[in-house]
Amino acid sequence: MSEKILEINNLHVSFQTYAGKVQAVRGVSLTLNKGETLALVGESGSGKSVTCRSIMGLLSKNGSIDCGQIIFDGKDLLSKTNREMQNIRGKEIAMVFQDPMTSLNPTMTVGKQVAEPVILHQKLSKSEAMKKALELFRLVDIPEPEKRLKYYPHQFSGGQRQRIVIAIALACNPKILIADEPTTALDVTIQAEILDLMKSIQKKVATSIIFVTHDLGVVANIADRVAVMYGGKIVEIGTVDEIFYNPQHPYTWGLLRSMPTLDNEEDSLYAIPGSPPDLLDPPQGDIFAQRNQYALTVDEYYEPPMFKISQTHYASTWLLDSRAPEIKIPQSIVARQQYFKFKKQSFKDKRG
Amino acid sequence: MSNFFRFILKRVVYMLITLFLISSCTFLLMNFLPGTPYNNEAKLTNKQREIMNKRYGLNKPLVKRYIIYMSGAVRGDFGISLQFGDQPVKSILAKRIGPSLQLGAQAMILGTTVGIILGTVAAMFQNSFIDGIASLSAIIGRSVPNFVFAVLLQLLFAVYLKWFPIALWNEGFLSTVLPTVALSISPMADSARFIRTEMIEVLNSDYIELARAKGMSEWRVAFKHGLRNALIPLITILGPMSVSLMTGSLVVENIFAIPGIGEQFVKSIMTNDYSTIMAVTMLYSTLLVTIILLVDILYGIVDPRIRVGGGEY
Amino acid sequence: MDELIDKKDENKNLYSEIPSSYFTPLDETYHFDNERIAAPSLSFYQDGWRRLRKNKAAVVSMVILLLIISIEIVSIWYTPHDPNLQNVPHANLPPRIPHVNINGFNGKAKISGEWVDKYELAHVPHDVNYYFGTDAFGRDLLSRVLAGTRISLLIALAAAFFDLLIGITYGLVSGWKGGSVDIIMQRILEIISGIPTLVVVILMLLFIRPGVTSIIVAMGLTGWITMARVVRAETLKLKDQEFVLAARTLGESSLNIAVSHILPNLSGIIIVQTMFTIPSAIFFEAFLSFIGVGMRAPNASLGTLLNEGYKTFRFLPHLMWFPAAAICIIMITFNLLADGLRDAFDPKMKD
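Residue numbers (my numbering), protein chains in the order written: chain A, 1 to 352; chain B, 1 to 313; chain C, 1 to 351.
There may be inaccurate statements among the hints.
Unchecked claim - Heads up, incomplete: computed chain C residues facing chain A, CB under 10 Å, no partners named:
1. Ile18
2. Tyr22
3. Thr24
4. Arg50
5. Arg51
6. Leu52
Note that these hints are calculated values from the structure, not bench results. Cβ atoms here follow ideal geometry from the backbone N, Cα and C, with glycine treated the same way.
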């Protein structure tokens, strides 16, 4: 049984805009275990970035946490003052952002920027910190690190800048690394390099990673567990095998079906119909019902609870209720589920 | 780096062309516009006018006068002051450059330093009460004409409170305080407002968010990471700021009786002393053009993206 | 690996109050308003106006300015006294406002430390009141301030209009044409801007008789530079945007694109810049008149009033305070409004 390192309970976050109050996160609960990589998947606006920023305490001024707890190291982060959070940011929990081209200060040498968290949190002297920066540069595979410490960000490529950002995040050996779409702005080949880098670092340093992305291909590559988010809530959560091969929520089905694969039999690429939900005035029932071809009448009135599928797999859809009718699951999903059963069976056979 | 040198060279050449054009235009203006430099012209007899003309070299043909003027201008010699009879303009002005420069430099430094701090604080607390006060102060600083400020300061601090001398320049440092403050209000307001806008944009950028994610306090984030980015564009307004300092000095020097160029300029205007007016015009223009050149060079040096070449990954 | 728990058994008792009939597929009509946008749609100006309204300082300024402008319009036909009529026996009187008995506003002035009723000394009739006092020639200061403000405003508006016209055209042409035309125009601009505008204006005014027209011309001819720069910068930015490319591929002529696409998008910047130019122009005129180069007596402008007031400041402070207050109020309100407009039209400002 892995050790729990972070626990989010029923988080509700909203933003005050000119048009009204936007409910960005509407009851998210999840746990992160030590040494694992949890992927947060979802469209823009699903609440994944807001959840991450809430963990770090970096919500913008018009945002407010309406209720919930974020338990880290035995304490609720949401009850801490900003000063106390400053001691945690960069030291215990670190973050990597999406766009490497704008994440680094253009007027400061990268060496200084990497050494900064070390000086700040570990109180090392400047020269010791620069030595640590050199080590970090080696850790993230920057060539000629001694020379490069004095360079400015614009002298590096996008992929290298992202590595530097990762180096900054790892500088103080944080327990948790939150990566908010770190590969979205990069070319596919560079993307692969960064993912490999993160995996190898995780092996070396045993950091737990929360990886936010909208790309299921990346998830398959790097995640141990996956949480699928929609409309500010988690609609399905499970191990990566369970999500990919035994998905239970229609939204997850939609996501999987819209992934182009080589053995796709359909002529046209599937896209989930409709547009992202309105979080200004969320409907009473299931927020996905409007785009859900499998929606039931109950979805209009009641939000579905989290149904348990296994110890590690939960989904929030009324289809899992005992009273729900049988439905025609899409062919590609059925194929996946069959593969899942097959895998399980062969595993059982091996054991037994 | 050679790119940079060529750039500087180009700018210097422009500067010289500009100065040449300015001096020629000034000369032409002076000579073709109606009116003469003599007071009470109607009372002069023709003979008197002839003598005056001869004295000041105004009876020579235009082209010759132009050549004399230009050759003199290059050496800083603008002939004899019409106002003071026999004194060469050059020596009159030379004595006055010191106080003006000192006043200008002090005002610039005071104004920009305070303005930068005000602007940064305003941006950090955007839309709050503090921001409101800081922004309002900047607006008042910009709106109230500097001569009104100067008089106010004089009244309050020199006459009523008697903390500072009312006028005169040479009574040690204290006598420079009031005029410096009066003159610094304008650059203070301009820099505060400019830095506020720049800092607001900077504070919303990704690298600042990363800095916060490192666990830095908001003050450190703003002053250590943010400001260095906002200061670079500030250099671009140093040119216009110098202009307003020059115009401001005209009044401030007058009100506080400071023996500087500005005071002389106003007097020359009153007395139609046109050789001095020309000289001061050229002086101001040269100063301005030089400052603009220096600003361009400075910008290139300070912004690492320009100073250190592009990527060499 | 755990046993897969049969989903149907575990969850039998959840939410048992929901009738079974609810577990039927949902009506198609539920999906109809998928594309609905929740927030109200606003045009550019509506959005700007909404944001401006939130800025209390700007709104107050706008109200004050409208008030001032109305008063000025009325003052064309009516002022308490004739601003230019000299009345030497009534010279140098302090302000007297009826029913206000504060020393300094009731006709009394401090002479050698004592409050003396100067109106009595000058045998001024009881029904004649000079709200702002009188100057050295016995002219009513209030009327002069009203007239002076009117002239200052006129000059400023006219000069601003002038430099708007020249500046926008220059900037638009330079930015839109681009290439060598732009380079040449920019070089010219640089050379022109190397001369402090003050100097140009002073030189011009030294030799042309100063009057309302010549001041307007002088200020208009030199003040357009900032507007040209701002317009050019924004034009260059807009030129690269895709809607321009789209218009071009649709076959629209260059001139047409410039006028009907680029120009409207510049309107925000132009409005803001104009609102900043006006107080600059007011200040400039006051400055010129203050040092004696602008309007000359007996014409009243705020600058000349300040000039006259300054000369006798130690003894008759009211002669400077009132015009100073007038110019300060106008400048502050204009600047606050301009600031507010700029924030309201700037898309990058956080809402």
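Quick rundown of the hints versus the structure:
no. : hint  : result
1   : Ile18 : holds (6 Å)
2   : Tyr22 : holds (4 Å)
3   : Thr24 : holds (5 Å)
4   : Arg50 : holds (7 Å)
5   : Arg51 : holds (8 Å)
6   : Leu52 : violated (13 Å)
Violation of the numbered hints given earlier is confined to hint 6; every other hint is satisfied by the structure.
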